[in-house]
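Chain residues, written in single-letter form:
There are 2 protein chains.
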Amino acid sequence: MIPLPALDEQSETPLYRQLFDAIRVAIRDGVLPPGHRLPPTRELAGSLSLNRTTVSAAYELLDQAGLIRSHVGRGSFVAEPSSSPISFATSRPLDELFPLDEFRATVREVMADSSIAAILQLGAPHGYAPLRRYLGASETEDVLVTNGCQQALDLIQRVLAPLGTAVMVEDPTYPGLKNVFERGGVRLIPLPRWEAGARLAIVTPNFQNPTGHTMSLAERQQLLGDAREQGVTLIEIDIYSALRYQGDALPSLVELDDTGSVLQIGSFSKVSFPGLRIGWVKGRRDLIARLAEAKQWTDLHTDQLSQAIVLRFAESGRLEAHRQRVIATGREQLAAVATALDREMPYGTTFTRPDGGMNLWVRLPAPLDAAALLPEAQRVGVNYLPARYFAVSRPEPGAFRLSFGGLTPERISAGVALLGEVFRRESPDVHPELLTAMV
Amino acid sequence: MIPLPALDEQSETPLYRQLFDAIRVAIRDGVLPPGHRLPPTRELAGSLSLNRTTVSAAYELLDQAGLIRSHVGRGSFVAEPSSSPISFATSRPLDELFPLDEFRATVREVMADSSIAAILQLGAPHGYAPLRRYLGASETEDVLVTNGCQQALDLIQRVLAPLGTAVMVEDPTYPGLKNVFERGGVRLIPLPRWEAGARLAIVTPNFQNPTGHTMSLAERQQLLGDAREQGVTLIEIDIYSALRYQGDALPSLVELDDTGSVLQIGSFSKVSFPGLRIGWVKGRRDLIARLAEAKQWTDLHTDQLSQAIVLRFAESGRLEAHRQRVIATGREQLAAVATALDREMPYGTTFTRPDGGMNLWVRLPAPLDAAALLPEAQRVGVNYLPARYFAVSRPEPGAFRLSFGGLTPERISAGVALLGEVFRRESPDVHPELLTAMV
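Chains as they are written, first to last, in my numbering: chain R, 1 to 439; chain L, 1001 to 1439.
What the hints contain is simulated information worked out from the structure, not anything from laboratory work.
The C-beta atom is built at its ideal place from N, Cα and C for all residues, glycine as well.
Hints should not be assumed to be uniformly reliable.
[As the list claims (entries may be wrong)] Distance windows between CB atoms, simulated:
hint : chain 1 : residue 1 : chain 2 : residue 2 : range
1    : L       : E1009     : R       : Q230      : 47 to 53 angstroms
2    : R       : P162      : L       : A1006     : 51 to 57 angstroms
3    : L       : P1190     : R       : E141      : 38 to 44 angstroms
4    : L       : A1328     : R       : R379      : 57 to 63 angstroms
[Claimed, not checked] Here are a few chain L residues that sit away from chain R, every Cβ distance over 10 angstroms (derived from the structure):
hint : residue
5    : P1034
6    : H1036
7    : S1049
8    : A1079
9    : S1084
10   : E1141
11   : H1301
12   : A1366
13   : N1383
14   : P1395
15   : T1408
All chains, full assembly: derive it from the sequences and hints.
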């Protein structure tokens, strides 16, 4: 039998959340071992004098958190401890949304195409010509197809920002960017500091990773003006802009630029299938030619089958249809994460409120340390990346990235609830009595 | 006049692709004979009520397919069937042998697999786990999947032979190897010279590119002994060994080694489909872990769909069946190239006689200069790579690589005959009378 927790009707924490926490702790401490059958909702509601829907809500949250497994007609059982953690650690799309039938139809069409033998043969460093045309390669602008955005950054480092040069970046920034430039022996300068002699400025104007920040029109124009004045090439990472869930789109740096000083990085990975590594760089022909040469000695060219498949997926209209579904879900994810953070985080927590993308930035109140608390979060089955992976110059011990793109709204709520519990336990604002009452 | 194809605006196939297919079929069926002038894009766009860019895109594709020749200001003409140049310049398989039906069946099976959603999601830097297991990842040895052999070399340079180090290589060597190490600031030392302090020795024991040379057992053992004594890591490029057309296989360096000092590079590209960029490095776990870390900041991971497809192609037995057909054809290619060279090259020419692979090395007698003669060879429709692309320390002006893997025996004979004619014309040993008689 389940040990009956003392629930507090006066608490600001809803009863179902209190019940969820109590059962979660009982599972964590082994009081309820794996395989243990929980009492039916009706029975537990009766013995605790609760509404049955309260118990159902708690069970549902436990199920979403992977702590129990519910089977219709058989009941709910404590899950094996290792059962799927809730990971806020990776900026990725929700695979439950993958349109598998549309993908299969796309592949069938590519397979039926007469050009399949050419696709399977060695290709050109620049990429598959029909895909490059689709992406806007023209007389004035060229396109290099890369293995996702990451390789575009790697090639840009190797060609445009060699050992010993300086590059301006946002702070905090995407770890894959930080890593590739630091390993290439490049000095990173945190924007908005502007250093004369720096080779490049690399920014993500829409839904930046990790903060979710979107640059205003004035900020964009300022950046372009500064770059023009100082002869700095701008790298615009544009991989999230198609995932706007609310608000109006702003013109991209490329659209605002009239000097050819912007290289834009795009990718199909965030909007469709990250397992297919297809990204690109678009810009001035001479710069793209230098990047394509590096591409050739790096790995000859990007996988052609996947290039042909994403092209077909896009040309057939399936990509746009899928994007609309992703946006509808993104709106729900965004609402779920904001609601849960507002409710669950300790007093004094702040967080960014993006209009799209997959990431936001949470700052816990001092003295909470997101890196130090991570092992405890992982122990309760939740994962995230603390600020140190993203920091260029400013350590923010209380901060972490919360990537919500890969989780359903329900899993987001459950995960943030678990995190909130870990953080509140360490938070000086919580009364010890209250803490005891909850356990 | 061109027969007007019925294009379907409702079709999911883009209009330019439909137009391309219609014209392609008309050329194939002789409706549009060689030399026929296609209508100007504007005119055809008018009569078909199409956008002119649609017609231009179709013509561009036809041009790339070698089906038409476009000349600025003169128009586009149906190409001679045989007028596509005979290229001995690329080490690639014969695409006429691509088993398209087997490939399509493989893709259908992968698409029907329940793991497809996981394949389309972000993967692990090391590669797709089932493929790594297939390639022999174990407790003692690990496997990193790369974008073909080229990326394996790039990662090895970046991790194991950084700027300022020295690496021993065969001379002549593969241009992709030379390039990537020289650009990485590595000093190349031509084997058999052995330099104390060099980090790596990189060799292709079977059917080396460009010479086709196979190391004897004694040479292999000597190399392993030297490497062991000097603490040098050996990189064994093993991408051609599955393509032995005659003679008995010798044990690989990995098989002869008992000290864990060999990293072996493999690839599916030479034996199956180079457009799918799947290669790997196999060896000691600590070395593979360092390479995998570099792989992650380079491009996260290799395309997962293609990894799943080549795995299925291999596991189903189709790869081995295909390999047997490639070997049977390779035997014919090898016989054709040797016979043609014996017959057609100027007196004093020597060439290597490989037992497999795709390449051999031709040395023309002095004062013939293979680089200087290349434009003339290209004018008669034949292409090859002169020695300077491969040279590490010894210039060999008379030498060039002849890559025969991508051509049918008939095209090989025709191409070598054309080359022989160009070279003999420049050769002092040929009597003017004989020359006249031949021309």
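Now for the hints, and whether the structure bears them out:
1. Range check, E1009(L) to Q230(R): Cβ separation about 49 angstroms, and the 47 to 53 angstroms hint holds.
2. Checked against the given bound of 51 to 57 angstroms, the beta carbons of P162(R) and A1006(L), roughly 55 angstroms apart, stay inside it.
3. For P1190(L) and E141(R), the hinted distance range of 38 to 44 angstroms is satisfied, since their beta carbons lie about 43 angstroms from each other.
4. With their beta carbons about 60 angstroms apart, A1328(L) and R379(R) fall inside the hinted range of 57 to 63 angstroms.
5. For P1034(L), the requirement that its beta carbon stay farther than 10 angstroms from each beta carbon of chain R is met, with the minimum near 20 angstroms.
6. With a least CB separation of 21 angstroms from chain R, H1036(L) remains clear of the 10 angstroms interface cut-off, as annotated.
7. The beta carbon of S1049(L) sits about 21 angstroms from the closest Cβ of chain R, which is more than 10 angstroms, so the claim that it is off the interface holds.
8. Against chain R, the non-interface label of A1079(L) holds: every CB pair exceeds 10 angstroms, the least being about 16 angstroms.
9. Taking the minimum C-beta to C-beta distance to chain R, about 13 angstroms, the non-interface status of S1084(L) holds against the 10 angstroms cut.
10. Listed as outside the interface, E1141(L) is consistent with that label: its C-beta sits roughly 23 angstroms from the nearest C-beta of chain R, beyond the 10 angstroms cut-off.
11. Against chain R, the non-interface label of H1301(L) is violated: not every CB pair exceeds 10 angstroms, the least being about 7 angstroms.
12. Listed as outside the interface, A1366(L) is consistent with that label: its C-beta sits roughly 32 angstroms from the nearest C-beta of chain R, beyond the 10 angstroms cut-off.
13. At the 10 angstroms boundary, the C-beta of N1383(L) stays outside the reach of chain R, the nearest C-beta of that chain being 14 angstroms off.
14. Its beta-carbon lying about 22 angstroms from the closest one in chain R, P1395(L) satisfies the requirement of being farther than 10 angstroms from that chain.
15. Every Cβ of chain R is farther than 10 angstroms from the Cβ of T1408(L); the closest lies at roughly 14 angstroms, confirming the non-interface assignment.
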